[in-house]
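Asks: Residue numbers (our numbering), protein chains in the order written: chain A, 1 to 192; chain B, 1 to 466.
Bear in mind the hints are in silico, worked out from the structure with no lab data behind them.
Every value quoted in this text rests on a predicted model; they were computed, and no experiment measured them.
In this text, a Cβ means the ideal position worked out from N, Cα and C, and glycines have one as well.
You may find that some hints are simply not true.
Said to hold, decoys possible - Not close to chain B: a few residues of chain A, all C-beta gaps over 10 Å, as computed:
no., residue
1, 27
2, 28
3, 102
4, 132
As the list claims (entries may be wrong) - List time: in silico BS3-like cross-link candidates among lysine-lysine, alpha-carbon distance up to 30 Å:
no., chain 1, residue 1, chain 2, residue 2
5, A, 35, B, 87
6, A, 40, B, 337
7, B, 52, A, 192
8, A, 35, B, 168
9, A, 192, B, 81
10, B, 87, A, 40
11, A, 40, B, 259
12, A, 50, B, 278
13, A, 192, B, 321
14, B, 337, B, 321
15, B, 337, A, 5
16, B, 257, A, 192
17, A, 50, B, 52
18, B, 9, A, 179
19, B, 337, A, 192
20, A, 10, B, 321
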Amino acid sequence: MEPIKQIHSKTVVMPSTNIDTDQIIPARFLTITTKVGLGKSLFADWRFLKDGAPNPAFILNQPAAAGSRILVAGHNFGCGSSREHAPWALLDYGFRAVISTAIADIFSNNALKNGLLPVVVDETTHRWLLDHPGAEVTIDLESMRLSLPNGASVAFPIEAFARHCLLSGLDELGYLQSKLADTAAYEAAQRK
Amino acid sequence: MTARTMFDKVWSAHEVVAEAVDTPAVLYVDLHLTHEVTTPQAFSMLRAAGLKVRRPDRTLATLDHSTPTRTDQVFGSTPIKLDAAAKQVRQLERNAADFGIELYGLRDARRGIVHVIGPEQGATQPGMTIVCGDSHTSTHGAFGALAFGIGSTEVGHVFATQCLLQRKPKTFAVNVGGRLPACVTAKDLVLAIIGKIGVSGGTGHVLEYRGAAINSLSMEERMTVCNMSIEAGARAGIIAPDETTFAYLSGRPRAPKGKDWDEALKLWRALPSDPGAKFDASVDIDASSLEPMITYGTNPGMVLPVGGAIPASAGNAVFDKALAYMGFRSGEAMLGKPINVVFIGSCTNGRLEDLQAAARILKGRRVAPGVQMLIVPGSQEVKRLAEAEGLADIFKAAGADWRESGCSMCLGMNGDTVAAGAYAVSTSNRNFEGRQGAGARTLLASPYTAAASAVTGRISDPREML
Ligand code: SF4
Chain A
1 MEPIKQIHSK
11 TVVMPSTNID
21 TDQIIPARFL
31 TITTKVGLGK
41 SLFADWRFLK
51 DGAPNPAFIL
61 NQPAAAGSRI
71 LVAGHNFGCG
81 SSREHAPWAL
91 LDYGFRAVIS
101 TAIADIFSNN
111 ALKNGLLPVV
121 VDETTHRWLL
131 DHPGAEVTID
141 LESMRLSLPN
151 GASVAFPIEA
161 FARHCLLSGL
171 DELGYLQSKL
181 ADTAAYEAAQ
191 RK
Chain B
1 MTARTMFDKV
11 WSAHEVVAEA
21 VDTPAVLYVD
31 LHLTHEVTTP
41 QAFSMLRAAG
51 LKVRRPDRTL
61 ATLDHSTPTR
71 TDQVFGSTPI
81 KLDAAAKQVR
91 QLERNAADFG
101 IELYGLRDAR
111 RGIVHVIGPE
121 QGATQPGMTI
131 VCGDSHTSTH
141 GAFGALAFGI
151 GSTEVGHVFA
161 TQCLLQRKPK
171 TFAVNVGGRL
181 PACVTAKDLV
191 LAIIGKIGVS
201 GGTGHVLEYR
211 GAAINSLSME
221 ERMTVCNMSI
231 EAGARAGIIA
241 PDETTFAYLS
251 GRPRAPKGKD
261 WDEALKLWRA
271 LPSDPGAKFD
281 ASVDIDASSL
291 EPMITYGTNP
301 GMVLPVGGAI
311 PASAGNAVFD
321 KALAYMGFRS
331 GEAMLGKPIN
341 VVFIGSCTNG
351 RLEDLQAAAR
361 ILKGRRVAPG
371 VQMLIVPGSQ
381 EVKRLAEAEG
391 LADIFKAAGA
401 DWRESGCSMC
411 LGMNGDTVAA
421 GAYAVSTSNR
431 NFEGRQGAGA
441 RTLLASPYTA
451 AASAVTGRIS
461 DPREML
């Protein structure tokens, strides 16, 4: 994976709370057996009308959203199913980070494993972001800070090991494999 | 020694490498359950890296999510209707064969929904760590196992190393006193719990359900409760194993036998949380005051007693959007609203007791004209038992459609879907927009409430029919 240090982009705002993974990528698109090409089905039921034409009212279909890499979403983003297809679809579409006041556990785990940053911020910062769609913001993974164009800089938490892997472009599997001797010892002790 | 929670005991018994500031714990996985939808990418990763499945003996595969439920497509010569689903089924068959994993294949009598077959076969046992690329893995916590859902990348990690990198979650005691009234089920209880703590109320926590009302539940009811832990945002749900647990497991194909059983029992009896163990959070619920519950919105926390009225919005845009999607208005009564479809099944309510509950209502009655009722057993074994007991005959006589096992209309991946705009009373676990089909409107409820509503064609209180 490519190392990730900083993401600078204008934001797209989807203020709905509890945006679940069935909305991010509906189940009928889960029959794929690869990870690629899901971007075209991202938010499919909100993005397209019944006849398949883009829904002009949906934020991602508006010119202002073009090229944004940071999604600002309402509380509890990514709840529901464990489908990793959700971060795959967001990444394939072009997003590199999601900002909310809460991001569901499994989604957050899945996102980190694929290089999509789950950024959890306080309510005041979130409110500002919701009120300023399209704001140019910078997410700095090294310092774990989000900088807003109004000069504010706020800290966000990110799991230490996942951060280390993302900064250096490492795969977590390599670390687990480096512990296989411990795993074998654990298994041997269980058999006794 | 300090008093420990059950979660703490199971967690620490599985730490291959303890958690540190810079690194999560390396947690050992006792049982890895797999299915066709979340594994293809993990097997591709193994192939690309030239890796094997480290412990095929701790891995079990089934077909459930995208499999057909029509008998002719499962046992006959009719091809699976959806090409992409057929491809996933074939791919898991090949992957399981290539990597030496036991698969309960399409025509296997042990096949079924992954969270139904684990317990049914006795593979799910107290004190285990159990994972699956599926968020409802929390179901297995009903046995005092630490069981949680993972993504496809993590599925690959477990295949390759039998371990996962995990930060230790917090604990949350859900104390349920009293006793459930007649016709009020475990489903109503868990919906009430989610209504109380909210759909993100459990985020970062493992919920331990405890108290008199939980102790008196059957294993199937406990599974229904633990199943929906994820709908409160929780990492997992767990219930202390007791004599009910042991009686359920005894004699099941994969349960320990003879001397091993006696040894296992000793360990299992030591699992429950110690008296005085501290939880990071807690909530108290009185089961005796509960009523049959039904959802009215687009997440499981938007729930009320079936006799209730839809609350006022208080100018909340998200709430208004949910009601607009459902075609409902604040202040309306739920009782009497017309419905189009009834689905009984899923890993939440697709077990034998759920079908028995539906049959109590349906016996000697008919599904209302114009209503489609689909009853899908959670496993082929549930199907066999339901047919042996005569439940299937009751369903067919009532005009319901009786199918082969699978996830079916819970997520509509196999073509069993609800039409846009139609109302479905469903015993599944998610009422998200479009979950059961694009534009479908889902009302989550118990098997009693679902069956009662099928008979009248309207949302109904099952207590009036028993
Ligand atoms: S029945 Fe529904 S919730 Fe359960 S495993 Fe299948 S799709 Fe998931």
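Asks: Next step is simple, just say for each hint if it's right about the structure.
Replies: Hint-by-hint comparison with the structure:
For residue 27 of chain A, the condition that its CB be more than 10 Å from all CB atoms of chain B is violated, with the nearest at approximately 4 Å. Listed as a non-interface residue, residue 28 of chain A fails to keep its Cβ farther than 10 Å from every Cβ of chain B; the least gap is roughly 7 Å. With a cut of 10 Å on Cβ distances, residue 102 of chain A falls inside the contact zone with chain B, its closest approach being about 6 Å. Every Cβ of chain B is farther than 10 Å from the Cβ of residue 132 of chain A; the closest lies at roughly 18 Å, confirming the non-interface assignment.
Annotation: proposed proximity of residue 35 of chain A to residue 87 of chain B holds, straight-line Cα distance about 15 Å (limit 30 Å). Simply put, residue 40 of chain A and residue 337 of chain B have alpha-carbon atoms about 37 Å apart, too far for the 30 Å limit, and the pair is violated. Of the supplied pair hints, the one linking residue 52 of chain B and residue 192 of chain A holds, its CA atoms being roughly 25 Å apart against a limit of 30 Å. Using a Cα cut-off of 30 Å, the hinted pair residue 35 of chain A and residue 168 of chain B holds, with the two alpha carbons roughly 29 Å apart.
Under the criterion of a C-alpha separation no larger than 30 Å, the hint pairing residue 192 of chain A with residue 81 of chain B is inconsistent with the structure, at around 50 Å. Between the alpha carbons of residue 87 of chain B and residue 40 of chain A the distance comes to roughly 21 Å, so the proposed pair stays at or under 30 Å and holds. Taken as a hint, the residue 40 of chain A and residue 259 of chain B pair is broken in the structure, with Cα atoms around 56 Å apart against an allowance of 30 Å. For the hint linking residue 50 of chain A to residue 278 of chain B, the alpha-carbon distance of about 52 Å lies beyond 30 Å, and the restraint is violated.
For the hint pairing residue 192 of chain A with residue 321 of chain B, the CA-to-CA distance comes to about 58 Å; that exceeds 30 Å, so the pair is violated. Taking the CA atoms of residue 337 of chain B and residue 321 of chain B, the gap is near 19 Å; set against the 30 Å cutoff, the hint holds. For the hint linking residue 337 of chain B to residue 5 of chain A, the alpha-carbon distance of about 54 Å lies beyond 30 Å, and the restraint is violated. Of the supplied pair hints, the one linking residue 257 of chain B and residue 192 of chain A holds, its CA atoms being roughly 18 Å apart against a limit of 30 Å.
Proposed proximity of residue 50 of chain A and residue 52 of chain B is contradicted: the alpha carbons are some 44 Å apart, above 30 Å. The straight-line distance between the Cα atoms of residue 9 of chain B and residue 179 of chain A is roughly 22 Å, inside the 30 Å bound, and the hint therefore holds. Pair hint residue 337 of chain B plus residue 192 of chain A does not hold up; C-alpha atoms about 61 Å apart against a cutoff of 30 Å. Restraint check for residue 10 of chain A and residue 321 of chain B: the C-alpha separation of about 26 Å stays at or below 30 Å, so the hint holds.
Of the numbered hints given earlier, the model fails hints 1, 2, 3, 6, 9, 11, 12, 13, 15, 17, 19; all others are met.
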